[in-house]
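Given the coordinates of chain U, work out where chain E should sit on it, guided by the hints.
2 protein chains.
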Amino acid sequence: MTNYEICFQGEHYAFSEIAAKKFLGESAVCHPRESFEQVFQSVRKKKPLLGIVPIENTLSGSIHQNYDLLLENSVGIVGEVNLRIELNLIAPSGVELSEIKTVYSHPAAIGQCRNFWKSHPNIEIMPTYDTAGSVKIIAEQGFTEAAAIASRQAAEDYKMNILLREIEDYPENYTRFLIISTENINFGIPNKTSIVFATKHIPGALFKSLSVFFLRDLNLLKIESRPLRGKPWQYIFYLDIEGSMKEQTCQNALRHLEEIAGFIKVLGSYPAAK
Amino acid sequence: MTNYEICFQGEHYAFSEIAAKKFLGESAVCHPRESFEQVFQSVRKKKPLLGIVPIENTLSGSIHQNYDLLLENSVGIVGEVNLRIELNLIAPSGVELSEIKTVYSHPAAIGQCRNFWKSHPNIEIMPTYDTAGSVKIIAEQGFTEAAAIASRQAAEDYKMNILLREIEDYPENYTRFLIISTENINFGIPNKTSIVFATKHIPGALFKSLSVFFLRDLNLLKIESRPLRGKPWQYIFYLDIEGSMKEQTCQNALRHLEEIAGFIKVLGSYPAAK
Numbered sequence: 048m049t050n051y052e053i054c055f056q057g058e059h060y061a062f063s064e065i066a067a068k069k070f071l072g073e074s075a076v077c078h079p080r081e082s083f084e085q086v087f088q089s090v091r092k093k094k095p096l097l098g099i100v101p102i103e104n105t106l107s108g109s110i111h112q113n114y115d116l117l118l119e120n121s122v123g124i125v126g127e128v129n130l131r132i133e134l135n136l137i138a139p140s141g142v143e144l145s146e147i148k149t150v151y152s153h154p155a156a157i158g159q160c161r162n163f164w165k166s167h168p169n170i171e172i173m174p175t176y177d178t179a180g181s182v183k184i185i186a187e188q189g190f191t192e193a194a195a196i197a198s199r200q201a202a203e204d205y206k207m208n209i210l211l212r213e214i215e216d217y218p219e220n221y222t223r224f225l226i227i228s229t230e231n232i233n234f235g236i237p238n239k240t241s242i243v244f245a246t247k248h249i250p251g252a253l254f255k256s257l258s259v260f261f262l263r264d265l266n267l268l269k270i271e272s273r274p275l276r277g278k279p280w281q282y283i284f285y286l287d288i289e290g291s292m293k294e295q296t297c298q299n300a301l302r303h304l305e306e307i308a309g310f311i312k313v314l315g316s317y318p319a320a321k
Numbered sequence: 048m049t050n051y052e053i054c055f056q057g058e059h060y061a062f063s064e065i066a067a068k069k070f071l072g073e074s075a076v077c078h079p080r081e082s083f084e085q086v087f088q089s090v091r092k093k094k095p096l097l098g099i100v101p102i103e104n105t106l107s108g109s110i111h112q113n114y115d116l117l118l119e120n121s122v123g124i125v126g127e128v129n130l131r132i133e134l135n136l137i138a139p140s141g142v143e144l145s146e147i148k149t150v151y152s153h154p155a156a157i158g159q160c161r162n163f164w165k166s167h168p169n170i171e172i173m174p175t176y177d178t179a180g181s182v183k184i185i186a187e188q189g190f191t192e193a194a195a196i197a198s199r200q201a202a203e204d205y206k207m208n209i210l211l212r213e214i215e216d217y218p219e220n221y222t223r224f225l226i227i228s229t230e231n232i233n234f235g236i237p238n239k240t241s242i243v244f245a246t247k248h249i250p251g252a253l254f255k256s257l258s259v260f261f262l263r264d265l266n267l268l269k270i271e272s273r274p275l276r277g278k279p280w281q282y283i284f285y286l287d288i289e290g291s292m293k294e295q296t297c298q299n300a301l302r303h304l305e306e307i308a309g310f311i312k313v314l315g316s317y318p319a320a321k
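Those sequence lines, one after another, are chains U and E. With our numbering applied, the first sequence corresponds to residues 48 to 321, in that order. With our numbering applied, the second sequence corresponds to residues 48 to 321, in that order.
Source of the hints: derived by calculation from the structure; they are not laboratory data. For clarity, every value in this text was computed on a predicted model and none was experimentally measured. Heads up, some of the hints might be wrong.
For chains that are exact copies, the list does not tell them apart, and a pair is met inside one copy or across any two.
Dumping the calculated DSS-like pairs for lysine-lysine here, alpha-carbon to alpha-carbon at most 25 Å [stated by the list, open to error]: (1) K68 x K94; (2) K206 x K255; (3) K321 x K247; (4) K68 x K165; (5) K165 x K92; (6) K269 x K255; (7) K247 x K269; (8) K269 x K312; (9) K278 x K321; (10) K321 x K293.
Excised from the complex, chain U in its bound form (with noise of 0.2 Å):
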């Protein structure tokens, strides 16, 4: 087996690494970048050749960010692994529920604890830029009155207590991330394919835009609109849909869509998380 090496934002033990070694196996090198342009960057330069970015949270939504950024660089989709993502309230050993006056957490997690915030009004949320980063604040900064909401991976890293666990929203907490690359990297029979295209501005242009889908029994299974830049009330449509760019149905599809759409890139084919 190779032994792959990935690139991802945050700390180690942020679930983008703990989502990279799933995909890849325990054997995967992670290396830890500052931010999403830093990993597409790095992939950019193959150094390394992988690089794994979250793309949508099923409580949370999309992340827009990364949309824009598959847009911007030219790097495709190789692959896609979903996680379910339990959140702990993780405190330094010896430290109550009680005694927490600050919670710190990247802003999608705090986003999918409302509940928990709701039920604990007076605790002051901090948001920072990593959930396993926020667990190392703690320590590196010897907080006492401090917990972050992390993995429970990165509390066992840093030796801190589990105060709570799972006090995500809902459990159906999954993040859905991609595997990127410049180079065409095959992790099995691709079923499914990304596509960004901007439609022509006339009536009924998305309409037309997903009948060329539709006429030919091709699933959709996500759309995502983002706005056009410099073209105010305009927009660009990301769409996945089942099939593979390698099948005449979906390379139809696309020529037909090429009628419609003023732009269309294709983003990737890769094999359908399980």
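Showing chain E alone in chain U's frame:
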């Protein structure tokens, strides 16, 4: 003319307040609120009768929290207004650009000035709850190596200097605001309708849903998807349609949509912004 009262998120001279006065006139009485949740809460209690919230920006995209709050709260949309967002770099008088070490602003404004950050990599970015509130922080704390990104009006109000005008990435930087209420207040002839719906879990559901409008020559102005909480990888859709629920065609389309959708809510028919 009625002297309307309206609440908004942020401090006085936030863009939401400027938009409210553009919509209601300068005589409108504007009440600041700390969060979008509190704006919705106030409107639900009819104290005051009207609220204003940003829903999308032409550079940074939709404000998803407000889409979620529209669904969770029993309030309707009674109007909309578009405001050109001019972002200014604002510092205490006497402070020069070369002295600035930290810039405070709302994350949305920060995201609209990416070119400025690229050309000033040594400036530390400090996200806050509000653009005008950032000017207030600098004024109240007496910071001298800091600047804020906010409206011209906020600079004037706190007697600060504008160091750089219009630092947003594109001049085509508009925010669309919704006027919300529990009352059916009439601000003109309605010609735009916003709805939210969830499709049944059947193949081609989204395409079939959009067809009910296309088949009746009703233009779609915007589509936005959000995760359906508790049902991983299922989505709810927000649509803006050209037309009013007072018109038979719109009513027919919605009746047709009921055959396909598992859930529909009309958020309101209102006059479209010019």
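Structure-based check of each hint:
Only within a single protomer do K68 and K94 lie at most 25 Å apart by alpha-carbon distance; the minimum there is 18 Å, versus 52 Å between protomers. In this homomeric assembly, K206 and K255 never come within 25 Å of each other (Cα to Cα): the closest approach is 56 Å inside a single copy and 53 Å across copies. Within a single copy, K321 and K247 get their C-alpha atoms only as close as 35 Å, which misses the 25 Å cut-off; across copies the closest is 22 Å, which meets it. In this assembly of identical chains, K68 and K165 lie within 25 Å of each other by CA distance neither inside one copy nor across copies; the values are 34 Å within and 33 Å between.
Taking the shortest alpha-carbon separations for K165 and K92, only the inter-copy value of 20 Å comes in at or below 25 Å, while the best intra-copy value is 45 Å. Taking the shortest Cα distances, K269 and K255 sit within 25 Å of each other both inside one copy (17 Å) and across copies (15 Å). When the C-alpha separation of K247 and K269 is checked against a cutoff of 25 Å, the pair qualifies both within a copy, at 21 Å, and between copies, at 14 Å. Within a single copy, K269 and K312 get their C-alpha atoms as close as 16 Å, and across copies as close as 21 Å, so both meet the 25 Å cut-off.
Only between protomers do K278 and K321 lie at most 25 Å apart by alpha-carbon distance; the minimum there is 16 Å, versus 38 Å within a single protomer. Proximity of K321 to K293 under the C-alpha cut-off of 25 Å is restricted to the intra-copy arrangement: shortest distance 20 Å within a copy versus 46 Å between copies.
Going through the hint list in order, the structure does not satisfy hints 2 and 4.
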